[in-house]
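Using the sequences plus the hints, can you model the full thing?
Number of protein chains: 2
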Amino acid sequence: MRKIGIQEIEDIALGAALLGAGGGGDPYIGKLLAIGAVKECGEVSLIDVDELSDDDIVVPVASVGAPTILTEKGVGESEFDRLLDMISTYYGKRVTAVMPIEAGGVNSMLPIAAAARLGLPMVDVDGMGRAFPEIQMVTFSIGDISASPMIFIDEKGNLGLMETVTNKWVENICRAGCTACGGSVVSVEYVMTADQVKEYGVRGIVTYSEELGRTIRAIKNCPEGMTPEQYFLEYTKGYRLFKGKIADVLRETRGGFNFGRVVLEGIGEDKGGEAQIEFQNENLCCTVNGKIVATAPDLICLVDTETFTPVPTDALKYGKRVLAVGLPCYHLWRTERGLELVGPRYFGIDTDYIPVEERVKELV
Amino acid sequence: MRKIGIQEIEDIALGAALLGAGGGGDPYIGKLLAIGAVKECGEVSLIDVDELSDDDIVVPVASVGAPTILTEKGVGESEFDRLLDMISTYYGKRVTAVMPIEAGGVNSMLPIAAAARLGLPMVDVDGMGRAFPEIQMVTFSIGDISASPMIFIDEKGNLGLMETVTNKWVENICRAGCTACGGSVVSVEYVMTADQVKEYGVRGIVTYSEELGRTIRAIKNCPEGMTPEQYFLEYTKGYRLFKGKIADVLRETRGGFNFGRVVLEGIGEDKGGEAQIEFQNENLCCTVNGKIVATAPDLICLVDTETFTPVPTDALKYGKRVLAVGLPCYHLWRTERGLELVGPRYFGIDTDYIPVEERVKELV
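If you're matching them up, the sequences are chains G and Z in order. In terms of UniProt numbering, the first sequence has 296 at position 296, counting the first letter as 1, and numbering is strictly consecutive. In terms of UniProt numbering, the second sequence has 244 at position 244, counting the first letter as 1, and numbering is strictly consecutive.
Wrong hints could be hidden among the right ones.
Same chains, same names: a pair is fine if it fits in one copy or spans any two.
[Said to hold, decoys possible] Distance condition first, Cα-Cα at most 30 angstroms in a straight line; then the derived DSS-like pairs of lysine-lysine: (1) Lys168 to Lys156; (2) Lys93 to Lys156; (3) Lys320 to Lys361.
Read the hints as simulated data drawn from the structure, not as lab findings. Quick caveat: nothing in here was measured; it's all calculated off a predicted structure.
Next comes the structure, spelled out in structure tokens:
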């Protein structure tokens, strides 16, 4: 157990925004929520899942909906209480700890705000090791753990509870409800016992996000003989995909998601080339000079070429210079069941999944 | 208390289909559900609300969604149990009786099926005295009774619970959820104590539907010196609006509703004239030769010119001969709060509400 205060929040937000792979929401909004809660209610205890008894109840807290909309709606203070009260009524058992469902600017922060306000510890684990757009896209689905009962609440105080036959049905119904509520809600789902979290969770993700954030912040002080870019790639175990200037951004909010495509015009050693990245909240497929170089579930991350700060899909702007990097995903995503959930074909990308480390061999 | 068996079901379905004012779903589907349940589980006890103690819990059971779709989806057997279990978990109290929320081909029948399968009595009352398309459109809303918690279930077994800040928000979120589930769900809402039902319910509506059905069935045996049409109008206290042949039907399923318009070409004494009726599940506005002759909340009913059988909006067919009749609505709908909920302007019809008995004076 260790304490999460304001500096830790800053670092976690920065690192998780990178792991968000373009999605997971604006880290600035996320930080405001978490820092506000910690200032008001005190620091949060971050615990390892092994510190819990097997039958303790752990709940992920997350926002559902288009991050662009969350920016306008925010999250109030009483929502977490109502969500947890509902869970306790439903299970007849109190919740022991909260956890993030994914890494990302908002959804790595919301559980910190919830933990602070509820006086509960947060577990150092998530269900993706990155961010994904849909509710069923968690490692827990691979373990046949039910997303139900899923409970959501909006900023007006409207609350919905779903109990569905598959996790994809939670996604379908909740997404429709979320859209009816204005496009963004706060939710709990995958209410689990600690032993389930131990088996399927991506362990240590909060601590990794924090270290990643700290590394990005200090990137200029990289070891001698290395450029910041080299150090960044080495530290993240990432693959350089393309460096370019944003030449075009197509964006559409549809069915509660941010869909779109960004076009990069090569700069530096990529001068004369072109890359395209398609996204649905998160970056899904990166094509360089007509050839696919990375697809989901591997992470496709855009970072500022100078500061290596991650650039989420809702902050893409004409003229910005970015480096596109591919990071290998969590190993469970590369299984058959994992690829059914989050492989390229699920997202309508007509290609088999080939790990990024294989695909990039053709780049050189 | 009296028993509802197969003959009563036949009559109630017929009468309630008339009060459905074009909506409320196909009486044939409704009857199948109710008769199937009664055959399997025995007759249902119909009770007056005064037979209940003030704090007994009464729940309306209804289908939400486009009646056209319900025809294809049907209702299984375990849904009612799950809905009631959820209510009991939520309130910590068992449900004493069920009731219809509205009069209509399906929603007057579904509570009979539920009562039979659950072994509970049904109360002789509803919340409309007719059918309306949206969930907040009940006399209970006039009495500030909450529609929450509203619980719905689909035929696949997906369940949703809404707890909202206004009754209109139940409508918004549930309608979106219903659409996500395929366009039709079974629900309970307005969970009430018997004293609330006593104050705001439309009493005796089941018995009235049954008598109305029996009268329509025996319309050929009308008193001497009267035509069946005269007797029908006298018995229903209805106003003759127009008689015509269906010349055109425009129909669209959108946002979980059946929207549309039917055009009638005058026959008999209306020869040479034209009438139009707009609907959203239910008939909302009737225009004869360019002049509005009836609007919601008054009932606009189309019946077969020979048999006086009601013709719901989803059974409108080119060439069918129908009589359009206007029936005065329940008195609470004519109050200021009533008209805010279901007056013509709510439905986008740009006219003040004028009672049908006033409007038809201009017809002659």
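Notebook entry, point to check: At most 30 angstroms between C-alpha atoms: does Lys320 with Lys361 qualify within a copy, between copies, both, or neither?
Noted result: Within one copy only: 27 angstroms inside a chain, 71 angstroms across chains, cut-off 30 angstroms.
Margin query: At most 30 angstroms between CA atoms: does that hold for Lys93 and Lys156 within a copy, between copies, both, or neither?
Written below: Close inside one copy (27 angstroms) and across copies (28 angstroms); limit 30 angstroms.
Notebook entry, point to check: Taking 30 angstroms as the upper bound on the Cα-Cα distance, should Lys168 and Lys156 be classified as within, between, both, or neither?
Noted result: Both, since 26 angstroms and 13 angstroms are each at most 30 angstroms.
Figure legend: structure checked against the earlier numbered hints; every hint is met.
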